[in-house]
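**Q** If you want the building blocks of each chain, they are given just below.
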Amino acid sequence: MKKFFHEFLKGIFRENPTFVLALGLCPTLAVSTSLTNGLGMGVAATFVLLGSNVIISGMRNIIPGRIRIPCYIVVIATFVTLVEMTMKAYSPALDRALGIYVPLIVVNCIVLGRAEAYACKSSVTNSFFDGLGMGVGFTLALLLISGIREVSGAGTILGREIIKGFDPVRVISMPSGALLVIGLLLAFFNLIKRKK
Amino acid sequence: MKDRLIVSASPHLHKGESTTRIMWIVFLALVPAGAAGVVIFGVRALWVILWSIFFALASEAAIQAATKRKVTILDGSAAITGLLLAYNLPPGAPLWMVAAGSFFSIAIGKQVFGGLGQNIFNPALVGRVFLMASWPKYMTTFSKPLSYDAVTSATPLALLKESGVPGNISYQDLFWGLRGGCIGEACIVALLLGAAFPLFKKYISWHIPFTYIATTGVFTYIFGAKTFFGGDWMFHVLTGGLVLGAFFMATDYVTSPLTRRGQIVFGIGCGILTAVIRLWGGYPEGVSYAILMMNAATPIIDRFTRNRVYGS
Amino acid sequence: MKEMVRYGVTLSLICGIAAASLAAVNLMTKSRIIAQAQAEEGTALKDVLPQATRFEPVKKDGETLYYKAFDAQGNWTAVAFTADQKGYSSVIQTMAGMSRDGVISAIKVLSQNETPGLGSGVTSPDFCGQFSGKAIDGLAEVSAITGATISSKAVIDSVKNKAQEIKELIRNEG
Numbered sequence: 013m014k015k016f017f018h019e020f021l022k023g024i025f026r027e028n029p030t031f032v033l034a035l036g037l038c039p040t041l042a043v044s045t046s047l048t049n050g051l052g053m054g055v056a057a058t059f060v061l062l063g064s065n066v067i068i069s070g071m072r073n074i075i076p077g078r079i080r081i082p083c084y085i086v087v088i089a090t091f092v093t094l095v096e097m098t099m100k101a102y103s104p105a106l107d108r109a110l111g112i113y114v115p116l117i118v119v120n121c122i123v124l125g126r127a128e129a130y131a132c133k134s135s136v137t138n139s140f141f142d143g144l145g146m147g148v149g150f151t152l153a154l155l156l157i158s159g160i161r162e163v164s165g166a167g168t169i170l171g172r173e174i175i176k177g178f179d180p181v182r183v184i185s186m187p188s189g190a191l192l193v194i195g196l197l198l199a200f201f202n203l204i205k206r207k208k
Numbered sequence: 136m137k138d139r140l141i142v143s144a145s146p147h148l149h150k151g152e153s154t155t156r157i158m159w160i161v162f163l164a165l166v167p168a169g170a171a172g173v174v175i176f177g178v179r180a181l182w183v184i185l186w187s188i189f190f191a192l193a194s195e196a197a198i199q200a201a202t203k204r205k206v207t208i209l210d211g212s213a214a215i216t217g218l219l220l221a222y223n224l225p226p227g228a229p230l231w232m233v234a235a236g237s238f239f240s241i242a243i244g245k246q247v248f249g250g251l252g253q254n255i256f257n258p259a260l261v262g263r264v265f266l267m268a269s270w271p272k273y274m275t276t277f278s279k280p281l282s283y284d285a286v287t288s289a290t291p292l293a294l295l296k297e298s299g300v301p302g303n304i305s306y307q308d309l310f311w312g313l314r315g316g317c318i319g320e321a322c323i324v325a326l327l328l329g330a331a332f333p334l335f336k337k338y339i340s341w342h343i344p345f346t347y348i349a350t351t352g353v354f355t356y357i358f359g360a361k362t363f364f365g366g367d368w369m370f371h372v373l374t375g376g377l378v379l380g381a382f383f384m385a386t387d388y389v390t391s392p393l394t395r396r397g398q399i400v401f402g403i404g405c406g407i408l409t410a411v412i413r414l415w416g417g418y419p420e421g422v423s424y425a426i427l428m429m430n431a432a433t434p435i436i437d438r439f440t441r442n443r444v445y446g447s
Numbered sequence: 224m225k226e227m228v229r230y231g232v233t234l235s236l237i238c239g240i241a242a243a244s245l246a247a248v249n250l251m252t253k254s255r256i257i258a259q260a261q262a263e264e265g266t267a268l269k270d271v272l273p274q275a276t277r278f279e280p281v282k283k284d285g286e287t288l289y290y291k292a293f294d295a296q297g298n299w300t301a302v303a304f305t306a307d308q309k310g311y312s313s314v315i316q317t318m319a320g321m322s323r324d325g326v327i328s329a330i331k332v333l334s335q336n337e338t339p340g341l342g343s344g345v346t347s348p349d350f351c352g353q354f355s356g357k358a359i360d361g362l363a364e365v366s367a368i369t370g371a372t373i374s375s376k377a378v379i380d381s382v383k384n385k386a387q388e389i390k391e392l393i394r395n396e397g
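Sequence order for the protein chains is C, L and W. Counting from 1, position 154 in the first sequence corresponds to residue 166 in my numbering; the numbering is continuous, with no gaps. Counting from 1, position 173 in the second sequence corresponds to residue 308 in my numbering; the numbering is continuous, with no gaps. Counting from 1, position 97 in the third sequence corresponds to residue 320 in my numbering; the numbering is continuous, with no gaps.
To be clear, the hints were calculated from the coordinates, so they are not data collected in a lab. Hints may contain errors.
What the hints assert, rightly or not - Result set (BS3-like, lysine-lysine): computed pairs, CA atoms no more than 27 angstroms apart in a straight line:
1. C:Lys205 / L:Lys205
2. W:Lys331 / L:Lys272
3. C:Lys100 / W:Lys253
4. C:Lys208 / L:Lys296
5. W:Lys269 / W:Lys253
6. L:Lys361 / C:Lys208
7. W:Lys309 / L:Lys296
8. C:Lys100 / W:Lys331
9. W:Lys376 / L:Lys361
10. L:Lys272 / W:Lys309
11. L:Lys272 / W:Lys376
12. C:Lys207 / L:Lys203
13. W:Lys269 / C:Lys100
14. L:Lys296 / W:Lys376
15. L:Lys272 / C:Lys176
16. W:Lys291 / C:Lys133
17. W:Lys309 / C:Lys100
18. C:Lys205 / L:Lys203
19. W:Lys331 / C:Lys176
20. C:Lys207 / L:Lys205
Full structure from sequences and hints, please.
**A** This is the structure we're talking about:
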């Protein structure tokens with residue numbers, strides 16, 4: 013059990029996909045404008061990661077090495093499409109907010125990266141916990157970034173105004189603000205890592 | 136040694152100059168424009184200037200102390216950044232916003248890159264663009280000249296953008312600075328007066344300001360009207376932040392090219408971009424964006440305009 | 224050769240399973256997705272034309288051009304239509320209600336993905352409320368949101384152009 017916990021935790025801190033591996037920055041930049049969007053994206057990506065990690069790990073002995081990438085992509089694309097259809101059916105608002113970025117999870121390098129670097133040579137349970145940890149790590153990173161951006165850039169938390177009369181720093185909710193916030197956070201986490 | 140720049144292409148010769156001395160001379164050269172701004176827009180402008188300089192110095196000191204580096208706030212560079220930022224703000228800018236802009240200029244525009252000499256972009260303009268994107272409402276509310284009672288008026292360039300005609304303003308008014316605008320950009324006389332000394336002493340070279348202003352003039356003359364060669368180039372030269380930007384911001388040693396050829400390319404680039412933004416862009420004024428874009432291009436300009444090695 | 228066959232079989236097997244599972248989920252969610260869309264359309268129509276009791280889509284080539292709205296007595300009083308245009312970072316889709324003589328009763332932004340806190344202000348009542356009671360020519364008076372001119376303009380222009388178009392269309396109808 014301790015070993016699984018270790019697999020799970022590494023995605024959150026030591027190998028956090030956003031702040032340490034610097035993977036999947038494109039959707040991070042694009043959808044981290046509000047907490048709801050960040051959470052929705054994080055959960056969707058976590059689900060895809062879990063599914064693809066488990067399936068690919070389960071089939072790691074059947075898939076021939078030379079055609080593994082097309083196989084991975086088919087598996088990942090299937091899960092993404094499932095997520096998209098479910099979202100459309102049960103949460104149209106979130107579907108509209110995340111827009112094109114849900115289908116783009118297919119090319120999110122975290123998902124393919126974990127399949128290639130981990131799931132294809134690890135057991136199903138290990139891959140399950142790896143996917144879960146990476147997904148949760150990605151979600152937490154998105155929540156941190158989108159939280160900072162929503163509070164400072166739009167002056168709201170989950171769409172509700174915090175302080176009356178506060179003039180939010182609009183640039184933070186623009187694309188340039190995403191780069192600024194992610195850059196500063198990366199610098200901050202590097203600082204912590206170096207101190208250790 | 137025709138160039139007396141501190142940072143120049145080789146060969147180098149040491150003179151008795153120091154960065155600090157030059158910084159403070161440029162600072163003094165900027166004072167007349169600020170004084171004129173205070174006369175034109177009232178004492179509120181003075182508060183914006185002092186507040187901006189104070190916060191620039193305080194941010195520099197705080198960041199240098201926090202990162203355990205030598206505190207160098209007396210070298211004049213942070214003071215100039217604060218001063219130039221204030222000159223690029225409307226006189227009625229709220230003081231909290233001035234403080235935020237000043238901090239951003241120093242922290243993100245300069246110290247993040249490693250301090251003086253390392254920054255890619257002109258810090259004061261980074262601050263201004265940050266404020267422009269964050270609080271456009273306060274950044275585009277200008278007060279009427281010589282009224283002193285918070286009457287607002289649009290800048291001539293904004294009028295031109297919205298209605299197609301610059302409003303009823305003479306070249307004399309523009310020259311003396313009797314128009315709505317940012318604190319330091321309005322009074323052309325004071326800017327030229329201030330620029331004369333460092334220009335004469337070659338602390339700032341004429342290449343960038345001259346080519347910058349000339350290119351903007353030529354470009355607006357050709358494309359500024361419905362028919363070719365009918366644009367009001369004089370208006371475009373005298374209004375907006377062109378003179379302030381050309382003499383004091385595009386010439387920043389750190390963020391502009393080293394060689395004279397490079398500086399001419401830089402000036403022409405700034406001029407074209409400014410004219411393009413003013414004539415066809417979304418904003419009425421393009422000086423700050425033009426200079427920032429050319430700042431980004433400076434390394435590549437430096438690379439292609441390197442002086443030939445003697446004898447090769 | 225044997226290798227190639229193995230690759231082909233493996234890949235088509237994986238694709239087959241993927242296709243089957245997608246088909247299954249599609250079957251389960253399809254009706255719900257359509258129902259969601261219809262429910263949203265219904266509430267949007269009610270929002271822009273609250274006094275109407277019945278709506279009837281007018282179609283051409285399978286696409287809905289506009290909706291006829293009828294009051295409680297069964298008279299055709301107004302129309303509703305959707306308009307869309309590219310804003311700052313997304314296509315903004317708006318539904319608008321308009322009386323038959325061309326006065327806008329209300330608008331509602333159906334979908335947008337503009338900058339939160341800036342361009343997303345086009346969904347606010349402060350902005351949308353300005354449209355109510357204005358004739359098509361009067362839409363020029365709608366003031367744009369500070370700092371979000373492009374998003375505001377997209378809504379204003381798209382509604383204005385579509386309204387003109389629809390007004391032409393219904394002029395000759397009884």
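**Q** Against each hint, give a clear statement of whether it holds in the structure.
**A** Verification of the hints:
no.	hint	verdict
1	C:Lys205 / L:Lys205	24 angstroms, holds
2	W:Lys331 / L:Lys272	26 angstroms, holds
3	C:Lys100 / W:Lys253	9 angstroms, holds
4	C:Lys208 / L:Lys296	55 angstroms, violated
5	W:Lys269 / W:Lys253	25 angstroms, holds
6	L:Lys361 / C:Lys208	65 angstroms, violated
7	W:Lys309 / L:Lys296	22 angstroms, holds
8	C:Lys100 / W:Lys331	21 angstroms, holds
9	W:Lys376 / L:Lys361	25 angstroms, holds
10	L:Lys272 / W:Lys309	24 angstroms, holds
11	L:Lys272 / W:Lys376	18 angstroms, holds
12	C:Lys207 / L:Lys203	15 angstroms, holds
13	W:Lys269 / C:Lys100	22 angstroms, holds
14	L:Lys296 / W:Lys376	16 angstroms, holds
15	L:Lys272 / C:Lys176	17 angstroms, holds
16	W:Lys291 / C:Lys133	61 angstroms, violated
17	W:Lys309 / C:Lys100	22 angstroms, holds
18	C:Lys205 / L:Lys203	18 angstroms, holds
19	W:Lys331 / C:Lys176	25 angstroms, holds
20	C:Lys207 / L:Lys205	21 angstroms, holds
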